[in-house]
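**Student:** Position chain B against the provided structure of chain A, taking the given hints into account.
There are 2 protein chains.
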Amino acid sequence: MIKSILFILSATSVLMASSLSQDATKAGLMPIPNSQSELLKLIDNPKNHITDKKVSLGKKLYFDPRLSKSGFISCNSCHNLGEGGDDGIEAAVGHKWTVNPHHLNSPTVYNSVFNARQFWDGRDPDLETQAQGPIQAGPEMAATKEHVSTTINSMPSYVTEFQNAYGQDVKITFEKITDTIGLFERTLVTPSPFDDFMNGDENALNTAQKDGLKTFIEVGCTSCHNGVGIGGGMNAFNVTATYKHMNVGDFKGDKYGMVKVSLLRNITQTAPYFHNGMIKSLNEAIKEMARIQLGTKLTNKQAKSIEEFLKSLEGRKGVIAVPMLPASSATTPAPNLN
Amino acid sequence: MIKSILFILSATSVLMASSLSQDATKAGLMPIPNSQSELLKLIDNPKNHITDKKVSLGKKLYFDPRLSKSGFISCNSCHNLGEGGDDGIEAAVGHKWTVNPHHLNSPTVYNSVFNARQFWDGRDPDLETQAQGPIQAGPEMAATKEHVSTTINSMPSYVTEFQNAYGQDVKITFEKITDTIGLFERTLVTPSPFDDFMNGDENALNTAQKDGLKTFIEVGCTSCHNGVGIGGGMNAFNVTATYKHMNVGDFKGDKYGMVKVSLLRNITQTAPYFHNGMIKSLNEAIKEMARIQLGTKLTNKQAKSIEEFLKSLEGRKGVIAVPMLPASSATTPAPNLN
Chain A
1 MIKSILFILS ATSVLMASSL SQDATKAGLM PIPNSQSELL KLIDNPKNHI TDKKVSLGKK
61 LYFDPRLSKS GFISCNSCHN LGEGGDDGIE AAVGHKWTVN PHHLNSPTVY NSVFNARQFW
121 DGRDPDLETQ AQGPIQAGPE MAATKEHVST TINSMPSYVT EFQNAYGQDV KITFEKITDT
181 IGLFERTLVT PSPFDDFMNG DENALNTAQK DGLKTFIEVG CTSCHNGVGI GGGMNAFNVT
241 ATYKHMNVGD FKGDKYGMVK VSLLRNITQT APYFHNGMIK SLNEAIKEMA RIQLGTKLTN
301 KQAKSIEEFL KSLEGRKGVI AVPMLPASSA TTPAPNLN
Chain B
1 MIKSILFILS ATSVLMASSL SQDATKAGLM PIPNSQSELL KLIDNPKNHI TDKKVSLGKK
61 LYFDPRLSKS GFISCNSCHN LGEGGDDGIE AAVGHKWTVN PHHLNSPTVY NSVFNARQFW
121 DGRDPDLETQ AQGPIQAGPE MAATKEHVST TINSMPSYVT EFQNAYGQDV KITFEKITDT
181 IGLFERTLVT PSPFDDFMNG DENALNTAQK DGLKTFIEVG CTSCHNGVGI GGGMNAFNVT
241 ATYKHMNVGD FKGDKYGMVK VSLLRNITQT APYFHNGMIK SLNEAIKEMA RIQLGTKLTN
301 KQAKSIEEFL KSLEGRKGVI AVPMLPASSA TTPAPNLN
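In the order they appear, the protein sequences are chains A and B.
Everything in the first sequence is counted per our numbering, starting at 1 for the first residue and increasing by one.
Everything in the second sequence is counted per our numbering, starting at 1 for the first residue and increasing by one.
Bound-form chain A, shown alone:
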């Protein structure tokens, strides 16, 4: 039993699958499993298994702004666990108030373990690799690998925690630090009424949400938004072909001009939408996606119905205590705002 996976799974045992949940399954939608062992299989890192000690340490690192050059920006600054796991800002802002040069929106960290690959262009395979990026990126946390490892090694209680988590011989490298952050992020899953429904609780969705789920399937949203993440797959969103009318800067997606499919879990809490944060309203985002990706002009009723379904993806977030960080020592690198 991993205690650090605090997120409340449903108490309901598996009942008969409804006709609608069977349709949803056929369309590729999958629930967060209603058992911790099943969930652990989905989210664990086979190269660095989840343990309470690693997750607790990873949480501290996630919240520690001293990983950034300035000492002012932590992972949680842009992927704010109290704000839907993102920052609510159109395009990310970072070191020296620099706006993301590709005008990219900070995606949510909640359920990001269910992304097939990480970053909008999918360039990294997992959260561990992803965590290395923003810490070093000039417009984000602007730190060097050495800054990060020197900072953590300068505080005895961090060293002790790494030893307790990985053994006395642990070498606290930049990669060990980011691996530990990634492991914490893997636990940030938020089971929702949709999952309860898919796991057999027929009453977990109200009528409007069930109707919305039907519409969501019928319209074809599930062709991209599927799997456990209800999204997170690659290459479904053609940036260059469809977003000429928006100011997207020079970001061209991956080599095919595509960006990753967004997760729809907690989507009601993560406006503004799309990779460039250009769409403010969920209703408008639904209509735009149907138009661009499916060539379908949704009626107001259809869009509203899908929006009702999406509300059922608001997940239960575990209680996350603000970690009390160790004090800097004489050898901790000083914050540098420049």
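Hints may be right or wrong, so weigh each one.
On the chain A side, residues computed to face chain B include the following (Cβ under 10 Å) [what the hints assert, rightly or not]: (1) MET30; (2) PRO31; (3) PRO65; (4) SER74; (5) ASN80; (6) PHE119; (7) ASN266; (8) ALA334.
With a cut-off of at most 30 Å between alpha-carbon atoms, the simulated BS3-like pairs for lysine-lysine come out as follows [to be verified]: (9) LYS3/A to LYS210/B; (10) LYS60/B to LYS3/A; (11) LYS53/B to LYS96/A.
These are computed hints drawn from the structure, not numbers from a lab.
Built from N, CA and C at the ideal position, the CB exists for glycine as well.
**Tutor:** Positioned in the frame of chain A, the structure of chain B alone reads:
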């Protein structure tokens, strides 16, 4: 019983006061009381009494970056509850990465209720008034009163929480919002081994800490660092006379050139030191203060001894769950980074 004052008071009942604790009392040092009703008398706002509902709401507001113009900076950004209640940065940074124009260091919010007045120059009488400042200051959160009240009123669950806390007729003004933040801040008290000792637990301090307390009194530190805050009084620190050799910008303290006495609670966790953040090490800060304020050149042994005592002021911080903030609505003002 106010549940939201989670900070763990000692379980020890009052024993015989030791000779040393009597000396400390004579020198003006006072403990955080070891009973919630006594503590409440000290920290409550007579014009807006502490209740669990107000404190819970105030905590959300404290963590909500949407109170800032950019949507990126919350009270917790500079007064980080996981980082000793401050930011660890020499001089505060804020909107558009602006460094505090007077090169002033962010003071800790923990135990700030024990300050006689607020801000380095003591210009505000209490935390409620203080909270109005940084939210509106151009180099900090850069918001207007209207931005703040419009933001909070735009989210139905915030409105409901204000109604539950203050009654159905509540008008959610900027001042009501900052009053509620101030009330949350009043609860951020951190009882420490020093308090346990003063409240009768002879064994709460080790020998080095007791010796340090004696040195602290004998040298005369208690002439300024006294009361429950172990500091927090006015006008003891002469900026213009003593800091010509440091780059203090154009900040001249209050009309007499003075700044407030810092609280020493959790001082081991809030480097760098002084109003301008110019001193990195606590040992050096101790020696500088003795030199400047008391005209005393401390021996290394004396400075080390005082430092040992100061460690006993590291307080027990309550478990603070990251508040889950309501999602923005269609009428919530958009973040503005400019």
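**Student:** Indicate, hint by hint, whether the structure satisfies it.
**Tutor:** Structure-based check of all given hints:
no., hint, in the structure
1, MET30, "25 Å, violated"
2, PRO31, "22 Å, violated"
3, PRO65, "7 Å, holds"
4, SER74, "9 Å, holds"
5, ASN80, "7 Å, holds"
6, PHE119, "21 Å, violated"
7, ASN266, "9 Å, holds"
8, ALA334, "7 Å, holds"
9, LYS3/A to LYS210/B, "40 Å, violated"
10, LYS60/B to LYS3/A, "26 Å, holds"
11, LYS53/B to LYS96/A, "37 Å, violated"
Checked against the numbered hints listed earlier, the structure breaks hints 1, 2, 6, 9 and 11; every other hint is satisfied.
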